[in-house]
Amino acid sequence: MGYDKNQIARIYINDIAAKFAAAKLITVEQFHQIKNDFKYGLYTPSFFVRIGIFIFTSILLNAALGIIGVFFADLMNNETSAGILLLIAATGIYFVLEHVITKKMHYKSGMDDYLLLAGVSFLSFGLVLIEQSCSPLTICFILLPVLTMAVWRYADAFISLLAFICLYCIVFLIFKDYDFGRIFMPFIFLTISIACTMLFHKLLKYDSNFFYKNCLEFLKVASLLILYGSMNYCVVREGNMLLNEGIPGIENMEIPFGIVFLIATFLIPVIYIAIGVSRKDRLLLWTGLGVFVLSVLTLKYKYEYLEFKYLMTGFGALILVIAWQAIRYLKSNAAVYTFAPDDSKSISDLLNAEALIISQTLGKPQSGNTDESGFGGGSFGGGGAGGTI
Amino acid sequence: MNKYFIDQLVAGNYITGDQHEKIKDWLNKAPFSLHWELRTLLYAGVVLLASGIGILIYDNIDTIGHVTIILIIAALCSYCFYYCFKNKLPFSKLQTKHESPLFDYVLLLGSLLFLTLEGYLQFKYTLFGTHYGLATLIPALVFIFLAYYFDHAGVLSMGITALSAFVGITVSPGMILRNELSEQSLIYTGAALAVFLIGTGYVLKVQDIKRHFTFIYYNFGFHMYFLCMLAGIFTLGLPFIYFALLIVGCALLMRYAIFEKSFYFLLISVIYAYIGITWAIFEMGMGYMLGLYYFVFSCILVIWFFLNYKKLLKLK
Numbered sequence: 001m002g003y004d005k006n007q008i009a010r011i012y013i014n015d016i017a018a019k020f021a022a023a024k025l026i027t028v029e030q031f032h033q034i035k036n037d038f039k040y041g042l043y044t045p046s047f048f049v050r051i052g053i054f055i056f057t058s059i060l061l062n063a064a065l066g067i068i069g070v071f072f073a074d075l076m077n078n079e080t081s082a083g084i085l086l087l088i089a090a091t092g093i094y095f096v097l098e099h100v101i102t103k104k105m106h107y108k109s110g111m112d113d114y115l116l117l118a119g120v121s122f123l124s125f126g127l128v129l130i131e132q133s134c135s136p137l138t139i140c141f142i143l144l145p146v147l148t149m150a151v152w153r154y155a156d157a158f159i160s161l162l163a164f165i166c167l168y169c170i171v172f173l174i175f176k177d178y179d180f181g182r183i184f185m186p187f188i189f190l191t192i193s194i195a196c197t198m199l200f201h202k203l204l205k206y207d208s209n210f211f212y213k214n215c216l217e218f219l220k221v222a223s224l225l226i227l228y229g230s231m232n233y234c235v236v237r238e239g240n241m242l243l244n245e246g247i248p249g250i251e252n253m254e255i256p257f258g259i260v261f262l263i264a265t266f267l268i269p270v271i272y273i274a275i276g277v278s279r280k281d282r283l284l285l286w287t288g289l290g291v292f293v294l295s296v297l298t299l300k301y302k303y304e305y306l307e308f309k310y311l312m313t314g315f316g317a318l319i320l321v322i323a324w325q326a327i328r329y330l331k332s333n334a335a336v337y338t339f340a341p342d343d344s345k346s347i348s349d350l351l352n353a354e355a356l357i358i359s360q361t362l363g364k365p366q367s368g369n370t371d372e373s374g375f376g377g378g379s380f381g382g383g384g385a386g387g388t389i
Numbered sequence: 390m391n392k393y394f395i396d397q398l399v400a401g402n403y404i405t406g407d408q409h410e411k412i413k414d415w416l417n418k419a420p421f422s423l424h425w426e427l428r429t430l431l432y433a434g435v436v437l438l439a440s441g442i443g444i445l446i447y448d449n450i451d452t453i454g455h456v457t458i459i460l461i462i463a464a465l466c467s468y469c470f471y472y473c474f475k476n477k478l479p480f481s482k483l484q485t486k487h488e489s490p491l492f493d494y495v496l497l498l499g500s501l502l503f504l505t506l507e508g509y510l511q512f513k514y515t516l517f518g519t520h521y522g523l524a525t526l527i528p529a530l531v532f533i534f535l536a537y538y539f540d541h542a543g544v545l546s547m548g549i550t551a552l553s554a555f556v557g558i559t560v561s562p563g564m565i566l567r568n569e570l571s572e573q574s575l576i577y578t579g580a581a582l583a584v585f586l587i588g589t590g591y592v593l594k595v596q597d598i599k600r601h602f603t604f605i606y607y608n609f610g611f612h613m614y615f616l617c618m619l620a621g622i623f624t625l626g627l628p629f630i631y632f633a634l635l636i637v638g639c640a641l642l643m644r645y646a647i648f649e650k651s652f653y654f655l656l657i658s659v660i661y662a663y664i665g666i667t668w669a670i671f672e673m674g675m676g677y678m679l680g681l682y683y684f685v686f687s688c689i690l691v692i693w694f695f696l697n698y699k700k701l702l703k704l705k
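In order, the protein sequence lines correspond to chains A and B. Here the first sequence is numbered in our numbering, starting from 1 and rising by one per residue. Here the second sequence is numbered in our numbering, starting from 390 and rising by one per residue.
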């Protein structure tokens with residue numbers, strides 16, 4: 001893999017040490033000892049600086065390629081030679097990326113993010129141009145290995161998502177040519193999504209996969225979403241129309257097993273939320289809350305006479321009552337679940353500030369690069385344009 | 390995920406066996422926080438309910454009767470405010486945090502209903518006649534008062550938005566009459582409002598009255614200021630005046646960002662300054678190739694600034 005795994009492990013160790021220190025499970029001296037011994041030299045700026053570096057790297061790279069491209073303007077007319085040029089550019093970007101990661105120690109700095117994205121796109125487009133084929137299936141078959149390799153080496157969550165979508169496109173494009181495939185498409189997607197969800201959930205439990213934690217979390221949510229989508233009444237119905245275009249009267253036809261999908265549309269969010277709460281799985285919980293909104297929209301799609309004003313007022317009141325009751329219940333029963341915010345982050349900021357003072361007064365060397373996370377950690381550390389509501 | 394790292398800490402003798410047991414116990418027993426989930430639900434519920442009621446009333450004007458509608462909204466709205474005044478915390482210049490999580494949302498619901506009520510009265514009985522300015526000024530003043538009285542950032546944002554609408558409406562009659570001056574007067578008004586907001590935020594920060602609101606004033610104010618200056622650069626005469634003003638604004642914001650350690654404002658100031666400087670450079674007349682070289686070198690400079698601003702500005 002591209003990044004120094006040991007260095008990334010040190011970030012995690014610093015994080016959990018801060019968490020334990022905040023909960024007073026270890027002493028402040030132990031915390032400083034750990035911070036000092038597990039220093040890391042990776043450059044990871046705050047979120048907004050990362051965005052800034054990302055934007056300006058993209059302008060820089062494109063302008064630079066424009067300058068070089070002028071000399072090869074003639075070659076751009078031919079598809080194969082243009083493809084080869086793109087491959088050469090991708091190779092160049094690869095070497096720059098490796099330099100930035102290994103020599104400059106960038107890790108999620110915005111620069112490595114953009115270079116990876118650019119390199120992968122150039123490589124993919126180059127290969128597609130050389131192949132000179134516009135069949136979607138071929139394009140997917142070219143993209144999948146490229147994206148997978150990029151994920152394997154750089155563990156980028158966004159690229160892993162693209163690879164995952166690519167995989168589903170391949171499944172769809174293959175099965176849509178068969179009769180049974182067209183009928184059972186929702187169930188094929190359902191089976192694959194269940195298998196993938198289980199797989200990612202399992203992989204997330206193995207500690208040694210920490211390098212891929214971000215990717216796996218993204219993929220888990222993605223497969224949960226596709227699982228829901230494959231059973232959603234609206235998606236299935238529209239998909240059915242798309243697949244059976246040309247059959248007269250398809251617009252008004254009820255889909256086979258319609259009632260099953262309608263029940264599943266509402267059952268799946270409930271299951272997600274229930275399992276999410278009982279297993280204390282936050283990803284599942286948030287996904288459940290998110291897809292519940294889609295289910296309400298599906299209800300509107302199915303029963304067109306239902307109007308938004310009634311749905312909004314009704315569900316608004318319902319949600320308010322549920323949340324209010326839940327908060328009241330948690331106030332007196334806070335053993336397993338609690339309404340108190342999980343503020344280990346703010347405590348760790350406090351500890352960082354404290355660490356800074358202590359290290360300065362005692363004249364000890366500043367530990368590692370971690371002041372980066374304390375810097376700007378105040379009320380809008382990651383909040384963005386955030387109102388507090 | 391934690392076990393792997395805890396084992397490393399144990400193996401390196403950073404934590405004792407006793408502590409290890411305690412940590413394992415804590416990890417198993419620590420309660421699962423549903424704070425943000427429930428808050429999100431509350432917020433979604435308030436927004437859905439307020440907008441649902443708004444649409445319902447609008448659609449059923451003919452059947453329910455105006456007086457009934459007005460009474461219902463007024464009753465709901467006053468109950469919300471009554472609840473807030475009854476459960477309020479004593480006013481403080483500092484940030485106050487209400488114990489009950491419902492408080493903020495009741496205030497928000499009350500404010501949204503107030504807007505509905507006022508809009509309805511204006512629509513039906515033309516309460517303020519054609520003084521549309523007054524119709525927007527009143528909610529602005531009410532919201533800003535409520536925001537300070539109860540310490541609610543969201544209501545303050547609503548108040549500032551209403552204030553901007555008031556200023557815009559007050560200027561716009563002139564815009565219709567003297568079409569040729571429209572853009573100019575709008576830009577001037579926007580810039581004046583922006584400066585007013587920034588100044589308010591600054592003065593209140595210095596006076597130490599609800600310091601945490603300064604972020605909201607600056608966020609509205611600086612975005613409005615920069616957009617007005619860019620509009621001035623691109624559409625009005627003597628663009629270099631606006632360019633100079635833009636750069637001054639960027640410098641001020643950058644100074645504040647560094648002082649407050651706000652990466653958000655740092656990014657904003659760099660991006661607006663970059664747009665302005667790029668315009669100025671291209672204004673001097675530059676060919677296609679030279680332009681590309683400009684982008685390469687300017688971006689290298691900006692990235693280098695992002696990577697090294699701590700050293701450059703001698704920050705710890």
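It is worth saying that the hints were derived from the structure and are not from the lab. There's no promise every hint is true.
[Stated by the list, open to error] Below, a list of computed lysine-lysine pairs in the BS3-like style, where the Cα atoms sit at most 25 Å apart:
1) B/LYS411 - A/LYS205
2) B/LYS477 - B/LYS392
3) B/LYS594 - A/LYS103
4) A/LYS5 - A/LYS331
5) A/LYS108 - B/LYS650
6) B/LYS477 - A/LYS331
7) B/LYS513 - B/LYS482
8) A/LYS213 - B/LYS699
[Claimed, not checked] What the simulated footprint calls covered on chain B by chain A, stretch by stretch (three residues with Cβ under 8 Å from a Cβ of chain A suffice, anywhere in the stretch; the number is not a length):
9) 411-424
10) 525-535
11) 627-634
Positions of the beta carbon are idealized from the N, C-alpha and C atoms, including for glycine.
Hints violated by the structure (listed by number, smallest first)
2, 3, 4, 7, 8, 10 and 11
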